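Asker: Each chain is listed here by its residues.
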Amino acid sequence: MITSNQLVVGYASNSEESVLLEDLNLQLREGELVCFMGPNGIGKSTLLRTLAGLQKPLGGELKGIEKGKLSLVLTDRITATNMLVYDLVAYGRYPHLSWNISLRDEDHRIIEEAIALTQIGHLKYKRLYQLSDGQMQLVMIARALAQQTSVILLDEPTAHLDLNNRVEIMNLLRKLARQERKAILVCTHELDLALQTADWIWLATLNKKVVSGIPEDLVLNGSFDEVFQFKGFDLKTGKIEHEAHRNKPIQLIGEGYPYLWTKNALARCGYEVQEGAATVIQIQAKEKTIWQLGDRQLTSVADLIMALAERQ
Amino acid sequence: MNETVFWSRGLFLGFLFCLLLVADVAWGSISIPLNIVLSSLFGSESSTFSDIIWQFRLPKAITCILAGSALATGGLMMQSLFRNPLAGPDVLGLSSGASLAVAIVILIGQSTGVGSNLIGNWSVATAASIGGSIVLLIVIFISKFVKDNTSLLIIGLMISAATSSLVGILQFLSKAEDLQIFLIWSLGSVGSTHWGEVQVLAIITFIGLGIAFFLQKPLNVWLLGENYATNLGINTSRSRFWIVIATALLTGGVTAFCGPIAFVGLAVPHLVRLIIPTTNHKILLPFVMVTGASLLLFCDMVSNLAGGAQVLPLNAITSLIGAPLVISMVISNKQVRV
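From first to last, the protein sequence lines are chains H and W. Each residue of the first sequence is one higher than the last, beginning at 1 in my numbering. Each residue of the second sequence is one higher than the last, beginning at 1 in my numbering.
Extracted from the complex, chain W is given alone in its bound form (with noise of 0.2 Å):
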């Protein structure tokens, strides 16, 4: 691919992002001017609708962006380590830790009476990030013990289909009102997100992409295999611990703060490979992170359009949108490749 191409298709993502940004700032239930939306973000506009702005839409707004490029570039890392186009953030199964640990402050504690008054959004990002890091712990256990990233990919795979499980049986035994909390938290939002929030999901989120950005050089050898791996030089069990490691921080915030969101993370690498044909991180994810973050601005503007008043869950919004999109390029594009 020439250079001029790569750079027009660059500009216009990120065209497309701003254009996302704003949209998604003044379209929702109740639609802002676009003067009345700029003069608010970048003047002294005070009225209700730059209440709304600041205080409702921009860090919702900025979480999408957050939690999209999160999202992607984990999906993005799972698929070259494992050198698997079905892996995602979800494949090491913390997004299930997270369900299992939110599951039972949501389900158990709310029918013990004990959390009742509790359960607001820190004490769930808090049980969810819990969750994820003891699953995490296990899969950095175990991944001392296997030499190969099949049997880790299987490893991950089992740990969601047990916790999976487990939250199946909580959702059993609970309560239909409990059950109705955990299934809207199930199914994804970035709405309820105050500022305080976003900044620490901010941190965690630039940590991860940082720890992401310097491993593009083990990123692009992994895509080899580890034979090649060694040989070239790349000391193997210490890229992979941080590849997992950065990819439990990108999920794991997530998760804690907006729900397991699905699609985003497998969905968008695949959609970058075949708008920039590259195999180089060093190229894929910057347009991985700027793709990911315009996708979930795009979702979550339709979710609150579609339905009127009513906001629909946001997972749903994305595998409706993402599904015909990857399958359509897919198919003008004949395959999918790593």
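Extracted from the complex, chain H is given alone in its bound form (with noise of 0.2 Å):
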């Protein structure tokens, strides 16, 4: 477990230091996903880096890292693209190895398994350039593994990349704090997967503190939207708000799925969803999903949309 006392974390130069982070009294426990999250430059990346001894703390204590028992994925672009997947993952037994990197059946057996966990198995024989942005992280979070430390830092790594791989990534990180009981620390802006993935939250506030907890607790405590000043979105509902512009209420009958995507559809167009309203939509759920309107049946939202806009 590494815990923080009083840690100050930023920059020191020559003549003065800046602060980013202060104050800093944080855990990261075995079998823990951390995420943590603020908004940009507010010193997430140092913090992580003074965790990892890249950088020294301009202050207080940092408990619980032992040398060579915390590996890294960062945002650092690795240029060697020519480079075997597998020769990758291998230096994960770098610091394990002696000036000649000759490896062992126990080093190729390790490296097997991170290749195994992280499910990159058909591309062991690729070259890096030959990868998707998706592929590449999970081949640095396989060499992560391979250096088989109690601790992972992980530094954005779901940027740049499309839903599917964002879960991909969340998922496999929080396998591995349950399975393999690592103490994982992700510095992410994926509010919605970190809220329904991690374990714990540490939020960078705007006055250089970091705030802890659960996500719910964080939710309805209103520090998330402290930090972030959401602009129209309402984190609490998950959903965007939208102004209900036309000033037509509409009473909407269903249920399921094709009742809350109808909803979602007619307040994305500002009619404003209100029990006992003139106008009736009914949802008949049979074979086919069709929205009765009056005396009109129609077979697709966008059809009901066009037919609400013909009426005024």
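It should be emphasised that the hints constitute simulated quantities derived from the structure, not laboratory data. This structure is a prediction, so every number in the text was calculated from the model and none was measured. No residue lacks a Cβ here, since even glycine has one placed at the ideal position from N, Cα and C. Any given hint could turn out to be false.
As the list claims (entries may be wrong) - Simulated coverage check for chain W against chain H, where a stretch passes if three residues somewhere in it have a Cβ under 8 Å from a Cβ of chain H: (1) 210–218; (2) 221–231; (3) 273–283.
To be verified - Here are a few chain H residues that sit away from chain W, every Cβ distance over 12 Å (derived from the structure): (4) Gly-256; (5) Ile-283; (6) Gln-284; (7) Gln-297.
From the two separate chains plus the hints, produce the assembled complex.
Answerer: The following block contains the structure:
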């Protein structure tokens, strides 16, 4: 477990110190996935680099970091793109090898294990320039696993990835925390994913502090709203706020997913859904979903919205 | 890449190297029959031919081997340290420093009459070593203050530019005949070394290559950049220091005895990566050494054969042969990667 006590991080140049985050009393426990969130430029990467020993803290103390017991996945690009995936994963074994870097059977076994855990067996003999961004992140995570450290720190591992890959990476990290009992810290901007996968959230606030807690508490006590100052996004419902600019209330009758998504479309198009309104839409779920508006029967949400517009 | 392809390409390169070595000894302004070459080397042949071989051709061929492998290894180390495919052994500014010192000896020493009798190989070599060493000390001194490799690279290039302009001023101010001596030196040559010089060059080269060989782990790790290198337990400032020292020994030694030989250090690592696609220095280092030696042997042979009685300048040949070779391989492989 890593514990920080009144830790201060930031940059020190020759004459002046610029403090980014201070009074940090944080814990990173084994078996837990912690998502570290906050606006750009607030000092997330700096804290991560300080925890990793890449830069010195400006004050306070850090406990529980043993040498060689921490691995990293950074945003640094690997420029040697001619490298084999297997060779990159093998770098994880380097701290355990002597000057002539000959891999023992034991090392090959550990590399294969890391490859199996991240399910990149089919990429083993590909070169880095042949990989997609998502595959590259999996390879970097495999490399960190091959290091066999109790702590893994990752800096924005899901940046530039599509939704599917983002979910895959976060699920993998959670699995590694649970199954392999690793302590995992992820800097991320993926609010929705973090809320659903993290065991614990560190939230860098605008007054140079870090608030920590489980995701739900931070949503309910408004910490997220304070930090991110959402513009038109309601975190508690997870939806974008719409203005009912048409001033035409509609009563919607139905159930299940068709009901939810029809309501979504109506809100997006500026209609307010209201119990007992004059205009009534009834959703009938038969073989096909049918929307009944007055005497018209419509077969898609698009047609329904069009029909509503014609009425005006 | 599977093992058999790897070994067969390795064997092919080794065979090519031996072939070029024998050919370089046999061919020149006077061609020597192959059987006499072999009997001079291994038997007790004593004739004019064997004198030519032992006194002239063999030291020249060995200089080619030493210089080629030294420059190519230096280039590989710089490309890996700086993660830059355009880096070569001269990016640290050593060759420019050596050039400046040699320019001072030839252009000023000659015209003031101080060194008129001293302009031999040894004085040029000594001047080049001193010039290169001074630049090396400056680079190491500055590298204590800069944290990242890119700054080091820029500083090396700036020192190169500054010393080159000093050389330019010296050239502008000097007499035509002195200028020609300096110009010939700056075009590079492997033909003016005798056994004594070859011995010194060999010792310097072996020390440099030895250090490089022990640096294979940090060289691999530097490919991932400084942050990962630190995390993987590499002492970054110490390994950077030794990489700079090894490159300085290799480049400085060659420049002292052969002049600033262009292109080999930049091109050979790329050629090797195209022949053997790997990023592992354990494999790259020996291949780069053998390929560098082979390329310089070949270039020397061409420079001796193409000009008839006249030996063409080595730098012209290395670039003329190397550039199209690399361009064609790059085009067929689409992209150059470190």
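Asker: Now tell me, hint by hint, if it's right for this structure.
Answerer: Status of the hints after comparison with the structure:
Here the region 210–218 of chain W counts 3 residues with a CB under 8 Å from a CB of chain H, which clears the bar of 3, and the coverage holds. Counting residues of the region 221–231 of chain W whose C-beta sits closer than 8 Å to any C-beta of chain H gives 8, which meets the bar of three, so the coverage hint holds. Here the region 273–283 of chain W counts 6 residues with a CB under 8 Å from a CB of chain H, which clears the bar of 3, and the coverage holds. Under the 12 Å C-beta cut-off, the non-interface status given to H/Gly-256 relative to chain W holds; the minimum distance is some 50 Å.
At roughly 55 Å, the least C-beta separation between H/Ile-283 and chain W is larger than 12 Å, which holds for a residue marked as non-interface. For H/Gln-284, the requirement that its beta carbon stay farther than 12 Å from each beta carbon of chain W is met, with the minimum near 58 Å. Even its closest Cβ contact with chain W, about 58 Å, leaves H/Gln-297 beyond 12 Å, as expected for a residue assigned away from the interface.
Going down the numbered hints, you'll see the structure goes against none, and every one checks out.
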